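A.B. asks: Sequence:
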Amino acid sequence: MRGSHPHVCHPLHYWPVPAHLASRPSLPPFSPRISVSSSGGVRLAHRSVAANMSTAAGDSSSAALTKLAPLEAVLFDIDGTLCDSDPFHFLAFRELLQQVGFNGGVPITEEFYSANISGWHNDALAGALFPDLDHAEAMDFMDRKEALFRKMATGQLKGLDGLQDLCGWIERRGLKRAAVTNAPRENAELVLSLLGLTSFFPVLVIGSECERAKPAPDPYLRALQLIGASPDHTFIFEDSSSGVRAGVAAGVAVVGLTTGNPEKVLMDAGASLVVGDFRDPKLLAILQQLDPAPADN
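First residue of the sequence shown? That's 0 in numbering that gives the first Met the number 0, and the numbers climb one at a time after it.
FYI, nobody ran anything at the bench for these hints, they're computed from the structure.
Treat the hints loosely; a few may be bogus.
[To be verified] List of simulated lysine to aspartate or glutamate pairs, EDC-like, C-alpha gap at most 16 Å:
1) Lys157 / Glu188
2) Lys144 / Glu185
3) Lys150 / Asp217
4) Lys263 / Glu110
5) Lys150 / Asp122
6) Lys66 / Asp279
7) Lys175 / Glu71
8) Lys66 / Glu210
9) Lys150 / Glu110
10) Lys157 / Asp276
11) Lys144 / Glu94
12) Lys175 / Asp122
13) Lys175 / Glu94
14) Lys144 / Asp122
15) Lys281 / Glu94
Because the structure is a prediction, the values reported are computed rather than measured.
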């Protein structure tokens, strides 16, 4: 928990999009996935069009996963991987950035969020979004954004399709596991609790508690060390390009999930396989090839 700071910029202070973000190319457009009902509830609609794309290089890239046998461990990112939490993060950022006059008070788009915010840790985001603001004030904004996210997400979050089946598959085989995230610890612990996965993960690694957060490999290297697993017999589930790069830099094969980014973005970052969710036939085929005998056999 960070200490309290003076409130970040007054709503009448208009903050332009920093030049280094405004000039960054945006991602291809997404199909609608967020709607707000008249009662204020968030409804998650269809995600990226890329979630239904076929992977032309699927056979060759997934070969890296089949070489992991015997499988020893599986590591998971949290936001956008265990659950589709990005819509709540996006709505929280959009609301508070508009309040403080970011981009002249024009709401950020989902494309801007995906290209410039998703997957990054708060210290980096504070400097990127508010480069001319005192860091303590910028971090106060991030703290308030996280509090709004927790309020929005409570009672709304659900695991990705196939998550519970996958967790059961992992438990029955006695595989090691850890959750590795750039989210603040309070957020991570809340999400795991809401999903009923607190006891499933014996290890939780927070990026800001490492020397370097993702996209540096440090969080995944620490997770491997804490659970005593070899990178040669482990793979990672990730949904962001920064997370995929972190896993690849740690020497671990990565399965990308298209909950927040198009397939091409994840493949370009180094993912060995890209799937839509945990029921994707491509993933199930890989797991069948890697399938170690259940621990109770």
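A.B. asks: Against the 16 Å threshold, does the CA-CA distance of Lys281 and Glu94 hold or violate the hint?
C.D. replies: Between Lys281 and Glu94 the Cα gap is close to 37 Å, so the pair fails against 16 Å, i.e. violated.
A.B. asks: Assess, step by step, whether the Cα of Lys157 is no farther than 16 Å from the Cα of Glu188, and give holds or violated.
C.D. replies: 15 Å, holds
A.B. asks: If you draw a straight line from the CA of Lys144 to the CA of Glu185, is it 16 Å or shorter?
C.D. replies: It holds: about 13 Å lies between the C-alpha atoms, which stays within 16 Å.
A.B. asks: Is the hinted pair Lys175 and Glu94 satisfied, with a Cα-Cα distance of at most 16 Å?
C.D. replies: Cα-Cα ~39 Å, so violated.
A.B. asks: Can you confirm whether the C-alpha distance between Lys144 and Glu94 stays at or below 16 Å?
C.D. replies: 9 Å, holds
A.B. asks: Holds or violated: Lys66 with Glu210, Cα cutoff 16 Å?
C.D. replies: Violated, because 31 Å separates the two Cα atoms, which is more than 16 Å.
A.B. asks: If you draw a straight line from the CA of Lys157 to the CA of Asp276, is it 16 Å or shorter?
C.D. replies: 13 Å, holds
A.B. asks: Does Lys150 pair with Glu110 here, judged by a C-alpha cut-off of 16 Å?
C.D. replies: 24 Å, violated
A.B. asks: Would the pair Lys263 and Glu110 pass a check requiring their Cα atoms to be no farther apart than 16 Å?
C.D. replies: 15 Å, holds
A.B. asks: Could you grab the alpha-carbon distance between Lys175 and Glu71 and see if it respects the 16 Å cut-off?
C.D. replies: With a Cα-Cα distance of about 6 Å, the restraint between Lys175 and Glu71 holds, given a limit of 16 Å.
A.B. asks: Assess, step by step, whether the Cα of Lys150 is no farther than 16 Å from the Cα of Asp217, and give holds or violated.
C.D. replies: 30 Å, violated
A.B. asks: Quick one, are Lys66 and Asp279 close enough, alpha carbons at most 16 Å?
C.D. replies: Not OK: Lys66 and Asp279 at ~20 Å, beyond 16 Å, violated.
In this structure, the hints that do not hold are numbers 3, 5, 6, 8, 9, 12, 13, 15, in rising order.
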